[in-house]
Amino acid sequence: MVVSADAANVTFSGTKKQQALAAKVFELLRWQGQFLSSDATIRVRMTSVVEGLGKHGESATVAEATAAIAANKAVFVIDGTGDDAVLMTTRDGRVPVLEIVPDRSHSFAQRFMTPLPKPATPLVRRERTRVDRVWEGLAGLSEEFAAPRQEFGRAEIVRREDERIVSQAERDAAALAASTDDLAVAGMVGEESDRDVAGTAGVDDTDEAVIATVPAAGELPETPVAAGTVTVEAPEDIASGPDTTVEAPEAATAAIDDVIGGPDTADEAALSETAADSVVVPVAPAPPVEVVVPVVAVAPPTPVRPAPAAMAARADLANADVADLAAAITEQLRGDNRVAHFGGQVWSEDRVPRFSRGDLRRIKDYIEEQEQPLTDTALVQDILGIRPQTPDFEAMRFALNFRLSREHRDYDFVGTGDQRFWSISNLAQIGTTRRKPNEIGTDYRFLLDEAPAAPGFRTQQSVDHVVTFYEYIHGLLPMDANLQSILPAPLMPDQRSAVLTFETPQSFTTYLVELRYPSPNRGGFILGLDDFYAENVVPGAILSITATENDGHFRIEYISQANQNERLLELDERRTARYVFRPTAFHCGVEDDYLLSEERFPRLASEKPLDDKARRRPESVIAATFERIGGQQDGLGYSVSFGRLFTAVNVERPMSERLLRQTLEGDESGAFAKDPEGDDVYTYVPSRPTG
Amino acid sequence: MATVDLRPEDVQYLLSILRSSSQPMTIPQLAEAIKAAAARAGA
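As given, the protein sequences belong to chains A and R, one line each in that order.
All residue numbers for the first sequence refer to the numbering used here, where the first residue is 1 and numbers rise by one.
All residue numbers for the second sequence refer to the numbering used here, where the first residue is 1 and numbers rise by one.
Possibly wrong hints are sitting among the right ones.
[As the list claims (entries may be wrong)] No more than 25 Å apart at the CA atoms, straight line, and that leaves these computed lysine to any residue pairs for SDA-like: (1) A:436 / A:620; (2) A:55 / A:85; (3) A:24 / A:59; (4) R:35 / A:345; (5) R:35 / A:321; (6) A:608 / A:620; (7) A:17 / A:48; (8) R:35 / A:335; (9) R:35 / A:337; (10) A:674 / A:632; (11) R:35 / A:333; (12) A:73 / A:96; (13) R:35 / A:338; (14) R:35 / A:351; (15) R:35 / A:316; (16) R:35 / A:334; (17) A:17 / A:27; (18) R:35 / A:322; (19) A:608 / A:657; (20) R:35 / A:344; (21) A:436 / A:370; (22) A:436 / A:535; (23) A:17 / A:63; (24) A:436 / A:578; (25) R:35 / A:330; (26) A:24 / A:86; (27) R:35 / R:9; (28) R:35 / A:319; (29) R:35 / A:323; (30) R:35 / A:327; (31) R:35 / A:332; (32) A:436 / A:490; (33) A:674 / A:620; (34) A:24 / A:43; (35) A:436 / A:425.
None of these hints come from the bench; they were simulated from the model.
Bear in mind that the values here come from a model prediction, so they are computed numbers and not experimental data.
Work the whole structure out from these sequences, hints included.
If you want it as structure tokens, here you go:
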């Protein structure tokens with residue numbers, strides 16, 4: 001449906017011919033202004049109107065058109081004469097209202113172009129902001145070392161020479177000086193000055209301070225007042241004291257001279273001229289100016305920071321090795337509760353920022369919400385809102401770590417030196433739920449016996465490891481001497497675990513894993529590699545683990561190979577747990593002796609995992625493994641090569657080659673024995689004959 | 001065992017350094033600072 005706007009209901013006057021002509025003209029102008037608003041002015045030259053009428057078959061002269069228009073003054077208006085005449089109307093058919101030129105005399109642009117005269121500010125001297133020395137940090141510290149020290153070991157902060165208590169008198173004198181200077185130079189146009197007040201340095205005692213009474217700015221006389229209205233009072237004891245030096249501040253004296261129109265008449269003239277050229281300040285008759293001349297205490301120059309005089313005789317400190325000195329400092333500050341320690345850094349405990357209960361609760365809630373341990377960097381940025389570029393970021397990081405380390409009940413430090421993770425107690429465990437971490441630690445107890453006397457942390461850059469079946473199904477790595485050589489030592493004395501990041505360059509994935517440090521009766525291990533194993537490798541795969549510059553971040557890689565298909569052992573847990581062989585495609589390099597294929601271990605199929613009681617004793621597990629994979633010898637026993645036995649034993653429980661060989665060779669029951677005829681073959685004869 | 005003997009006044013001086021620092025310091029930094037101070041005082 002097409003909707004068109006109706007023509008305006010306009011009644012034209014004049015003769016019929018004029019009415020018809022006016023209607024045509026109006027229609028022409030409406031067409032011209034069809035996109036304008038109803039009350040916008042439509043302007044068309046009269047010559048164009050006549051020309052337009054001609055094109056629409058309505059021949060009329062300018063005189064006829066003008067007459068018709070003149071007969072309809074309520075509708076049209078003509079502006080100008082002759083060829084410049086312009087016909088105006090609106091789409092409503094009314095004479096347009098002439099535009100009102102807005103008053104722009106007070107517009108924003110106008111105000112910019114004509115700035116106000118400079119305001120006369122009150123003659124109040126602004127206090128200079130002084131930064132406390134304690135905030136100057138190490139830069140200030142190095143300056144202090146350069147200066148000689150009178151005393152050794154002063155803990156209090158010594159004020160610098162330019163740091164002193166400014167008395168009220170000094171402020172008044174300064175205001176007086178500033179005000180009179182301004183009067184003389186700028187004709188009372190206010191200007192704040194930061195100049196130091198001459199002649200008042202070293203005045204610390206308000207008893208000795210100047211009390212200068214001057215008229216207020218608005219009360220100053222318009223013309224200079226006559227001399228002789230100034231009374232100067234000085235305490236007699238000060239003035240007559242034999243050792244007392246009485247000095248009037250030069251600036252203040254000069255200023256007073258300026259105000260009272262002293263002997264320098266040139267200044268007076270200058271003042272009058274300057275005042276005449278600039279803003280005229282009303283000046284009231286001057287009251288008497290009372291000046292108590294200050295006693296300037298000439299204080300000895302304060303040393304920047306007293307140098308430790310006793311240090312002059314400490315050649316042992318100056319010549320000591322930094323490492324020895326650091327060890328001595330560590331030893332000395334270890335138990336000092338005035339010092340905050342964290343991660344090899346120290347700070348004065350009272351300088352470490354504190355956190356409110358609300359801050360601590362928000363940190364806890366945030367970790368709980370993210371469902372994983374978070375680093376101090378993330379917490380400082382996200383919870384405390386401090387950006388890494390800000391100067392106090394490192395200080396807040398230290399504060400967060402130190403303060404959280406004091407909240408033993410709520411927070412656990414699970415980080416490393418370079419990657420400081422914080423966790424809370426009710427966070428879900430990282431890694432497998434098949435076995436509890438304590439049970440896994442017990443399984444790895446043998447690692448404690450095999451650990452070197454002095455554990456070497458981060459002594460190697462990269463290690464290789466072959467994944468066993470037990471490690472595969474639990475997604476873990478044992479913290480044996482090999483792996484320990486690339487792992488970081490615990491940062492805190494009582495730290496039980498550390499969260500690490502394992503990056504897989506081959507799949508562009510980073511895994512959050514948990515390193516459980518060994519305890520007195522449990523071995524150490526890394527949990528949380530379930531997904532990495534399931535997605536990339538099979539039991540028997542060769543892994544390469546590489547340390548990075550960040551002591552909490554590692555790269556884990558496998559050997560990429562063409563796809564292979566084998567029927568490999570798996571643990572089926574759908575109903576009752578059983579070992580099964582399933583066709584598996586994999587593309588990682590494997591150690592052939594470790595591969596649990598159906599071809600090599602066919603009798604493992606449908607075997608049930610051993611119960612926990614049997615699993616606890618290595619002898620039981622070895623015996624069961626002999627029975628599962630060993631070749632029978634005349635119905636008397638089983639015979640298996642050491643390599644096959646090692647691979648199959650690690651299906652049930654972790655066992656190192658050393659532990660396995662020790663158990664086989666140190667068995668007192670005589671069930672296990674080395675086959676003298678075989679090449680590294682062992683035999684097992686059960687107590688009851690097999691059958 | 002450290003071979004350098006730190007006296008109580010040394011510890012006081014270390015504390016004053018820590019108190020006037022606007023950032024936490026490492027132990028080696030602290031050792032360098034006190035070593036430099038002793039060297040300047042003896043010069």
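Could you check the structure against the hints above and give me the numbers of any it violates, in ascending order? Violated hints: none at all, because every hint is consistent with the structure.
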